[in-house]
Amino acid sequence: MKNIIEVQKKIIPQAIELMEKRYAVLRQIAISQPIGRRMLANVLNLSERTTRTEVDFLKSQKMIDISVSGMTLTEEGKEVLESLELVMGEVMGISDLEIKLRDLLGIKHVAISKNVNEDRSIIIKGVAELAAKYLISTLASDDIVAISGGSTMRELATSIKEEYSFKDVTVLPTRGSVGSDIDIQANSVAAVLAKKLNSKVEFLYVPDELEGEAKDVIMSIPDIMVTSQHLREADKMVFSFGCADLMARRRGTSEDDINQLLNKGAIGEAFGHYFDKDGNIVMKLNTVGIDMNMYKNSKYPIAVFSGVEKVDAFMALYKLNKNLTLITDEDSAKEILNKINN
3 MKNIIEVQKK
13 IIPQAIELME
23 KRYAVLRQIA
33 ISQPIGRRML
43 ANVLNLSERT
53 TRTEVDFLKS
63 QKMIDISVSG
73 MTLTEEGKEV
83 LESLELVMGE
93 VMGISDLEIK
103 LRDLLGIKHV
113 AISKNVNEDR
123 SIIIKGVAEL
133 AAKYLISTLA
143 SDDIVAISGG
153 STMRELATSI
163 KEEYSFKDVT
173 VLPTRGSVGS
183 DIDIQANSVA
193 AVLAKKLNSK
203 VEFLYVPDEL
213 EGEAKDVIMS
223 IPDIMVTSQH
233 LREADKMVFS
243 FGCADLMARR
253 RGTSEDDINQ
263 LLNKGAIGEA
273 FGHYFDKDGN
283 IVMKLNTVGI
293 DMNMYKNSKY
303 PIAVFSGVEK
313 VDAFMALYKL
323 NKNLTLITDE
333 DSAKEILNKI
343 NN
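The number in this note's numbering is simply the position in the sequence shown, starting from 1, with 2 added.
Any given hint could be a false lead.
DSS-like cross-link-like pairs, simulated, lysine-lysine; straight-line CA separation at most 25 Å [unchecked claim]:
(1) Lys169 with Lys202
(2) Lys110 with Lys135
(3) Lys336 with Lys279
(4) Lys298 with Lys266
(5) Lys341 with Lys321
(6) Lys197 with Lys80
(7) Lys23 with Lys64
(8) Lys135 with Lys102
(9) Lys298 with Lys279
(10) Lys301 with Lys266
(11) Lys61 with Lys80
(12) Lys80 with Lys64
Hints listed in this document are in silico derivations from the structure and should not be mistaken for laboratory results.
Note that the structure is predicted; figures quoted are calculated from it, not measured.
Kindly produce the complete structure, drawing on both the sequences and the hints.
Next comes the structure, spelled out in C-alpha coordinates:
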(Lines of atoms letter the chains of each structure in order from A; the text may use other names.)
(Lines give C-alpha, C1' and ligand atoms only; values in the text may rest on other atoms or scores of the structure.)
Protein backbone atom coordinates (compact mmCIF):
# COMPACT_ATOMS: atom_id res chain seq x y z
CA MET A 3 0.00 0.00 0.00
CA LYS A 4 2.82 2.38 0.86
CA ASN A 5 4.33 2.10 -2.64
CA ILE A 6 0.97 2.77 -4.29
CA ILE A 7 0.44 5.87 -2.14
CA GLU A 8 3.91 7.20 -2.97
CA VAL A 9 3.20 6.78 -6.70
CA GLN A 10 -0.16 8.54 -6.33
CA LYS A 11 1.49 11.44 -4.53
CA LYS A 12 3.81 11.94 -7.49
CA ILE A 13 1.44 11.22 -10.41
CA ILE A 14 -1.88 12.57 -9.11
CA PRO A 15 -1.15 14.63 -5.97
CA GLN A 16 -4.55 16.33 -6.21
CA ALA A 17 -6.23 12.95 -5.58
CA ILE A 18 -4.39 12.58 -2.27
CA GLU A 19 -5.25 16.17 -1.29
CA LEU A 20 -8.93 15.58 -2.07
CA MET A 21 -8.92 12.34 -0.08
CA GLU A 22 -7.35 14.14 2.89
CA LYS A 23 -10.01 16.85 2.72
CA ARG A 24 -12.92 14.39 2.55
CA TYR A 25 -11.39 12.31 5.30
CA ALA A 26 -11.17 15.42 7.49
CA VAL A 27 -14.84 16.26 6.82
CA LEU A 28 -16.05 12.71 7.53
CA ARG A 29 -13.94 12.45 10.68
CA GLN A 30 -15.15 15.79 11.99
CA ILE A 31 -18.79 14.87 11.44
CA ALA A 32 -18.19 11.56 13.24
CA ILE A 33 -16.62 13.30 16.24
CA SER A 34 -19.09 16.21 16.52
CA GLN A 35 -22.35 14.81 15.12
CA PRO A 36 -24.87 16.24 14.75
CA ILE A 37 -22.97 19.25 13.41
CA GLY A 38 -24.08 22.15 11.22
CA ARG A 39 -22.36 23.11 7.99
CA ARG A 40 -21.18 26.49 9.28
CA MET A 41 -19.61 25.01 12.39
CA LEU A 42 -17.97 22.31 10.28
CA ALA A 43 -16.46 24.99 8.04
CA ASN A 44 -15.18 26.95 11.05
CA VAL A 45 -13.61 23.94 12.76
CA LEU A 46 -11.82 22.75 9.61
CA ASN A 47 -11.02 26.28 8.42
CA LEU A 48 -12.75 25.68 5.08
CA SER A 49 -14.71 28.20 3.03
CA GLU A 50 -18.52 27.94 2.99
CA ARG A 51 -18.37 27.10 -0.70
CA THR A 52 -15.83 24.29 -0.28
CA THR A 53 -17.75 22.88 2.68
CA ARG A 54 -21.01 22.91 0.74
CA THR A 55 -19.35 21.11 -2.20
CA GLU A 56 -17.89 18.39 0.02
CA VAL A 57 -21.10 17.96 2.02
CA ASP A 58 -23.16 17.65 -1.17
CA PHE A 59 -20.76 15.00 -2.48
CA LEU A 60 -20.87 12.96 0.73
CA LYS A 61 -24.67 13.22 0.79
CA SER A 62 -24.87 12.02 -2.84
CA GLN A 63 -22.73 9.01 -1.90
CA LYS A 64 -25.08 8.24 1.03
CA MET A 65 -22.28 8.68 3.55
CA ILE A 66 -24.05 11.36 5.60
CA ASP A 67 -27.59 12.31 6.55
CA ILE A 68 -28.66 15.95 6.88
CA SER A 69 -31.47 17.00 9.22
CA VAL A 70 -32.58 20.12 11.08
CA SER A 71 -30.21 19.28 13.96
CA GLY A 72 -27.21 18.87 11.65
CA MET A 73 -25.19 16.26 9.77
CA THR A 74 -24.60 12.69 10.95
CA LEU A 75 -22.77 9.70 9.49
CA THR A 76 -24.75 6.88 7.91
CA GLU A 77 -23.72 3.26 8.41
CA GLU A 78 -22.04 3.41 5.01
CA GLY A 79 -20.23 6.57 6.06
CA LYS A 80 -18.95 4.84 9.20
CA GLU A 81 -17.62 1.93 7.14
CA VAL A 82 -15.89 4.26 4.68
CA LEU A 83 -14.34 6.28 7.51
CA GLU A 84 -13.08 3.10 9.17
CA SER A 85 -11.40 2.04 5.92
CA LEU A 86 -10.01 5.53 5.39
CA GLU A 87 -8.42 5.51 8.85
CA LEU A 88 -6.06 2.77 7.70
CA VAL A 89 -5.25 4.47 4.40
CA MET A 90 -4.76 7.91 5.95
CA GLY A 91 -2.42 6.45 8.53
CA GLU A 92 -0.10 5.60 5.64
CA VAL A 93 -0.74 8.83 3.71
CA MET A 94 0.02 11.06 6.69
CA GLY A 95 2.91 8.95 7.96
CA ILE A 96 1.11 8.11 11.22
CA SER A 97 1.69 4.36 10.96
CA ASP A 98 5.45 4.88 10.63
CA LEU A 99 5.44 7.30 13.57
CA GLU A 100 3.54 4.81 15.76
CA ILE A 101 6.03 2.04 15.04
CA LYS A 102 9.04 4.33 15.47
CA LEU A 103 7.83 5.64 18.85
CA ARG A 104 6.93 2.17 20.09
CA ASP A 105 10.40 0.87 19.27
CA LEU A 106 12.30 3.91 20.57
CA LEU A 107 10.33 4.01 23.83
CA GLY A 108 10.43 0.23 24.18
CA ILE A 109 6.76 0.04 25.20
CA LYS A 110 3.95 -2.33 24.23
CA HIS A 111 1.93 -0.25 21.78
CA VAL A 112 1.45 3.28 20.42
CA ALA A 113 -1.70 4.63 18.77
CA ILE A 114 -1.80 8.17 17.40
CA SER A 115 -4.85 10.27 16.58
CA LYS A 116 -4.26 12.30 13.43
CA ASN A 117 -4.49 16.10 13.70
CA VAL A 118 -6.42 17.45 10.71
CA ASN A 119 -6.42 21.23 11.08
CA GLU A 120 -8.42 21.01 14.31
CA ASP A 121 -8.69 23.06 17.49
CA ARG A 122 -7.66 21.71 20.91
CA SER A 123 -11.07 20.46 22.03
CA ILE A 124 -11.56 18.48 18.82
CA ILE A 125 -8.06 16.99 19.07
CA ILE A 126 -8.85 15.79 22.61
CA LYS A 127 -12.08 14.21 21.35
CA GLY A 128 -10.15 12.43 18.61
CA VAL A 129 -7.66 11.00 21.11
CA ALA A 130 -10.45 9.96 23.49
CA GLU A 131 -12.39 8.24 20.73
CA LEU A 132 -9.29 6.36 19.57
CA ALA A 133 -8.61 5.30 23.17
CA ALA A 134 -12.19 4.06 23.59
CA LYS A 135 -11.95 1.96 20.43
CA TYR A 136 -8.62 0.54 21.53
CA LEU A 137 -9.87 -0.32 25.02
CA ILE A 138 -12.97 -2.04 23.65
CA SER A 139 -10.85 -4.08 21.24
CA THR A 140 -8.80 -5.44 24.16
CA LEU A 141 -11.60 -6.34 26.58
CA ALA A 142 -11.93 -9.96 27.61
CA SER A 143 -14.41 -11.82 29.78
CA ASP A 144 -14.03 -11.12 33.51
CA ASP A 145 -11.67 -8.19 32.92
CA ILE A 146 -11.35 -5.62 35.70
CA VAL A 147 -10.80 -2.16 34.22
CA ALA A 148 -9.62 0.73 36.41
CA ILE A 149 -10.14 4.18 34.90
CA SER A 150 -8.97 7.56 36.21
CA GLY A 151 -10.81 10.84 36.22
CA GLY A 152 -10.20 13.96 34.17
CA SER A 153 -11.67 15.62 31.10
CA THR A 154 -9.93 13.27 28.63
CA MET A 155 -11.22 10.17 30.43
CA ARG A 156 -14.70 11.69 30.48
CA GLU A 157 -14.47 12.20 26.71
CA LEU A 158 -13.33 8.59 26.33
CA ALA A 159 -16.39 7.27 28.13
CA THR A 160 -18.92 9.54 26.44
CA SER A 161 -17.48 8.94 22.95
CA ILE A 162 -18.79 5.36 22.91
CA LYS A 163 -21.92 5.43 20.76
CA GLU A 164 -22.52 1.79 19.85
CA GLU A 165 -24.28 -0.67 22.15
CA TYR A 166 -22.07 -3.23 23.85
CA SER A 167 -22.64 -6.06 26.28
CA PHE A 168 -19.66 -6.73 28.51
CA LYS A 169 -21.66 -8.11 31.42
CA ASP A 170 -18.67 -9.97 32.86
CA VAL A 171 -16.42 -6.89 32.84
CA THR A 172 -16.09 -4.74 35.98
CA VAL A 173 -15.20 -1.04 35.83
CA LEU A 174 -13.60 0.71 38.80
CA PRO A 175 -12.44 4.27 39.54
CA THR A 176 -8.70 4.52 40.17
CA ARG A 177 -9.24 6.85 43.12
CA GLY A 178 -11.69 8.70 45.33
CA SER A 179 -13.00 12.23 44.83
CA VAL A 180 -10.65 15.03 43.71
CA GLY A 181 -11.71 18.66 43.24
CA SER A 182 -15.22 20.08 42.88
CA ASP A 183 -16.02 19.15 39.27
CA ILE A 184 -18.17 16.05 39.77
CA ASP A 185 -18.43 15.16 36.07
CA ILE A 186 -14.71 14.47 35.66
CA GLN A 187 -14.14 12.63 38.95
CA ALA A 188 -13.09 9.01 38.56
CA ASN A 189 -16.30 7.67 40.11
CA SER A 190 -18.42 9.57 37.57
CA VAL A 191 -16.24 8.51 34.64
CA ALA A 192 -16.38 4.87 35.78
CA ALA A 193 -20.18 5.07 35.98
CA VAL A 194 -20.48 6.44 32.43
CA LEU A 195 -18.03 3.89 31.01
CA ALA A 196 -19.80 0.99 32.72
CA LYS A 197 -23.15 2.14 31.37
CA LYS A 198 -21.76 2.43 27.83
CA LEU A 199 -20.20 -1.03 28.04
CA ASN A 200 -23.21 -2.53 29.84
CA SER A 201 -20.81 -3.84 32.47
CA LYS A 202 -20.60 -4.01 36.24
CA VAL A 203 -19.26 -1.07 38.23
CA GLU A 204 -17.87 -0.42 41.70
CA PHE A 205 -17.22 2.95 43.35
CA LEU A 206 -14.85 4.62 45.80
CA TYR A 207 -17.10 7.21 47.40
CA VAL A 208 -14.42 8.58 49.69
CA PRO A 209 -12.27 11.74 49.66
CA ASP A 210 -9.07 11.09 47.70
CA GLU A 211 -6.84 12.29 50.53
CA LEU A 212 -7.26 10.71 53.97
CA GLU A 213 -4.89 10.32 56.89
CA GLY A 214 -4.55 8.43 60.14
CA GLU A 215 -7.57 7.02 61.94
CA ALA A 216 -10.07 8.47 59.44
CA LYS A 217 -8.40 6.55 56.62
CA ASP A 218 -8.28 3.33 58.67
CA VAL A 219 -12.00 3.57 59.45
CA ILE A 220 -13.01 4.27 55.84
CA MET A 221 -10.78 1.53 54.43
CA SER A 222 -12.33 -1.02 56.81
CA ILE A 223 -15.80 -0.57 55.26
CA PRO A 224 -16.57 -3.88 53.46
CA ASP A 225 -17.49 -2.34 50.08
CA ILE A 226 -14.37 -0.17 50.10
CA MET A 227 -12.22 -3.15 51.04
CA VAL A 228 -13.61 -5.19 48.13
CA THR A 229 -13.10 -2.38 45.61
CA SER A 230 -9.57 -1.74 46.89
CA GLN A 231 -8.74 -5.42 46.43
CA HIS A 232 -10.20 -5.38 42.91
CA LEU A 233 -8.04 -2.35 42.08
CA ARG A 234 -4.96 -4.34 43.02
CA GLU A 235 -6.18 -7.10 40.68
CA ALA A 236 -7.09 -4.79 37.76
CA ASP A 237 -6.35 -6.29 34.34
CA LYS A 238 -6.23 -2.92 32.62
CA MET A 239 -5.46 0.54 33.96
CA VAL A 240 -6.68 3.41 31.77
CA PHE A 241 -5.40 6.76 32.94
CA SER A 242 -4.33 10.25 32.14
CA PHE A 243 -2.03 12.57 34.05
CA GLY A 244 -1.44 16.26 34.46
CA CYS A 245 1.16 18.97 34.82
CA ALA A 246 2.23 19.38 38.45
CA ASP A 247 1.07 22.98 38.93
CA LEU A 248 -2.34 22.48 37.30
CA MET A 249 -3.08 19.32 39.27
CA ALA A 250 -2.00 20.96 42.51
CA ARG A 251 -4.36 23.89 41.89
CA ARG A 252 -7.18 21.45 41.16
CA ARG A 253 -6.57 19.98 44.61
CA GLY A 254 -6.76 23.45 46.17
CA THR A 255 -3.05 23.64 47.01
CA SER A 256 -1.77 27.09 48.00
CA GLU A 257 0.50 28.99 45.59
CA ASP A 258 3.36 28.86 48.12
CA ASP A 259 3.13 25.06 48.28
CA ILE A 260 2.89 24.87 44.50
CA ASN A 261 6.08 26.92 44.18
CA GLN A 262 7.81 24.58 46.63
CA LEU A 263 6.72 21.62 44.51
CA LEU A 264 8.07 23.20 41.34
CA ASN A 265 11.32 24.16 43.07
CA LYS A 266 11.79 20.47 43.92
CA GLY A 267 11.56 19.69 40.22
CA ALA A 268 7.97 18.42 40.04
CA ILE A 269 6.73 18.32 36.45
CA GLY A 270 3.71 16.03 36.63
CA GLU A 271 1.18 14.25 38.83
CA ALA A 272 -0.39 10.81 38.56
CA PHE A 273 -1.98 8.50 41.13
CA GLY A 274 -1.47 11.06 43.90
CA HIS A 275 2.29 11.29 43.27
CA TYR A 276 4.16 14.36 42.07
CA PHE A 277 7.28 13.36 40.14
CA ASP A 278 10.30 14.95 38.46
CA LYS A 279 11.64 14.47 34.92
CA ASP A 280 13.39 11.23 35.90
CA GLY A 281 10.29 9.71 37.50
CA ASN A 282 11.53 10.30 41.05
CA ILE A 283 8.75 10.99 43.55
CA VAL A 284 8.89 14.58 44.80
CA MET A 285 5.81 14.35 46.99
CA LYS A 286 3.32 11.58 47.78
CA LEU A 287 -0.23 12.31 48.88
CA ASN A 288 -2.22 10.04 51.18
CA THR A 289 -4.58 9.01 48.40
CA VAL A 290 -7.17 6.25 48.30
CA GLY A 291 -6.99 3.95 45.29
CA ILE A 292 -4.25 3.12 42.79
CA ASP A 293 -0.77 4.33 43.69
CA MET A 294 2.51 4.54 41.79
CA ASN A 295 3.67 1.07 42.85
CA MET A 296 0.48 -0.45 41.46
CA TYR A 297 1.10 1.41 38.20
CA LYS A 298 4.68 0.13 38.04
CA ASN A 299 3.44 -3.45 38.43
CA SER A 300 0.44 -3.20 36.10
CA LYS A 301 0.50 -5.65 33.19
CA TYR A 302 -1.66 -3.49 30.94
CA PRO A 303 -1.51 0.26 31.69
CA ILE A 304 -2.97 2.51 28.99
CA ALA A 305 -1.83 6.15 29.10
CA VAL A 306 -4.09 8.59 27.26
CA PHE A 307 -3.16 12.23 26.88
CA SER A 308 -3.25 15.18 24.52
CA GLY A 309 -1.11 18.31 24.57
CA VAL A 310 2.60 18.96 24.11
CA GLU A 311 2.71 20.59 27.55
CA LYS A 312 2.29 17.10 29.07
CA VAL A 313 5.10 15.46 27.12
CA ASP A 314 7.75 16.01 29.82
CA ALA A 315 5.49 14.29 32.36
CA PHE A 316 4.96 11.38 29.98
CA MET A 317 8.71 11.05 29.38
CA ALA A 318 9.12 10.42 33.10
CA LEU A 319 6.14 8.06 33.45
CA TYR A 320 6.84 5.70 30.58
CA LYS A 321 10.20 4.68 32.06
CA LEU A 322 8.44 3.18 35.08
CA ASN A 323 6.45 0.52 33.18
CA LYS A 324 7.44 -0.81 29.75
CA ASN A 325 4.12 -2.70 29.47
CA LEU A 326 2.64 0.69 28.67
CA THR A 327 0.31 1.47 25.79
CA LEU A 328 0.37 5.12 24.69
CA ILE A 329 -2.55 6.83 22.99
CA THR A 330 -2.00 10.47 22.07
CA ASP A 331 -2.33 13.07 19.31
CA GLU A 332 -0.01 13.66 16.38
CA ASP A 333 1.60 16.87 17.68
CA SER A 334 2.33 15.32 21.08
CA ALA A 335 3.76 12.22 19.41
CA LYS A 336 6.11 14.35 17.30
CA GLU A 337 7.19 16.26 20.40
CA ILE A 338 7.98 12.96 22.14
CA LEU A 339 10.11 12.02 19.15
CA ASN A 340 11.91 15.37 19.38
CA LYS A 341 12.63 14.77 23.07
CA ILE A 342 14.07 11.33 22.31
CA ASN A 343 16.26 12.62 19.49
CA ASN A 344 17.54 15.56 21.52
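### Message
With the threshold set at 25 Å, check whether the alpha-carbon distance from Lys336 to Lys279 stays at or below it.
### Response
holds, 18 Å
### Pairwise hint evaluation, Lys266 against Lys298, where the allowed Cα distance is 25 Å at most
Holds. Lys298 to Lys266 sits at ~22 Å (cutoff 25 Å).
### Query
Given the proposed pairing of Lys298 with Lys279, does the C-alpha separation stay at or below 25 Å?
Roughly 16 Å separates the two Cα atoms, so the pair holds.
### Task
Starting from Lys61, check that the Cα of Lys80 is at most 25 Å away, please.
holds, 13 Å
#### Entry: Pairwise hint evaluation, Lys80 against Lys197, where the allowed Cα distance is 25 Å at most
holds, 23 Å
### Query
Is Lys110 within 25 Å of Lys135, Cα to Cα?
holds, 17 Å
### Task
Please work out if Lys301 and Lys266 have their alpha carbons no farther apart than 25 Å.
violated, 30 Å
### Query
Given the proposed pairing of Lys23 with Lys64, does the C-alpha separation stay at or below 25 Å?
holds, 17 Å
### Query
Quick one, are Lys169 and Lys202 close enough, alpha carbons at most 25 Å?
holds, 6 Å
### Query
Straight-line Cα separation of Lys341 and Lys321 no greater than 25 Å?
Distance ~14 Å between Lys341 and Lys321 Cα, so the pair holds.
### Query
Is Lys135 within 25 Å of Lys102, Cα to Cα?
OK: Lys135 and Lys102 at ~22 Å, within 25 Å.
### Query
When you check the alpha-carbon spacing of Lys80 and Lys64, does it fall within 25 Å?
It holds: about 11 Å lies between the C-alpha atoms, which stays within 25 Å.
Of the numbered hints given earlier, the model fails hint 10 alone.
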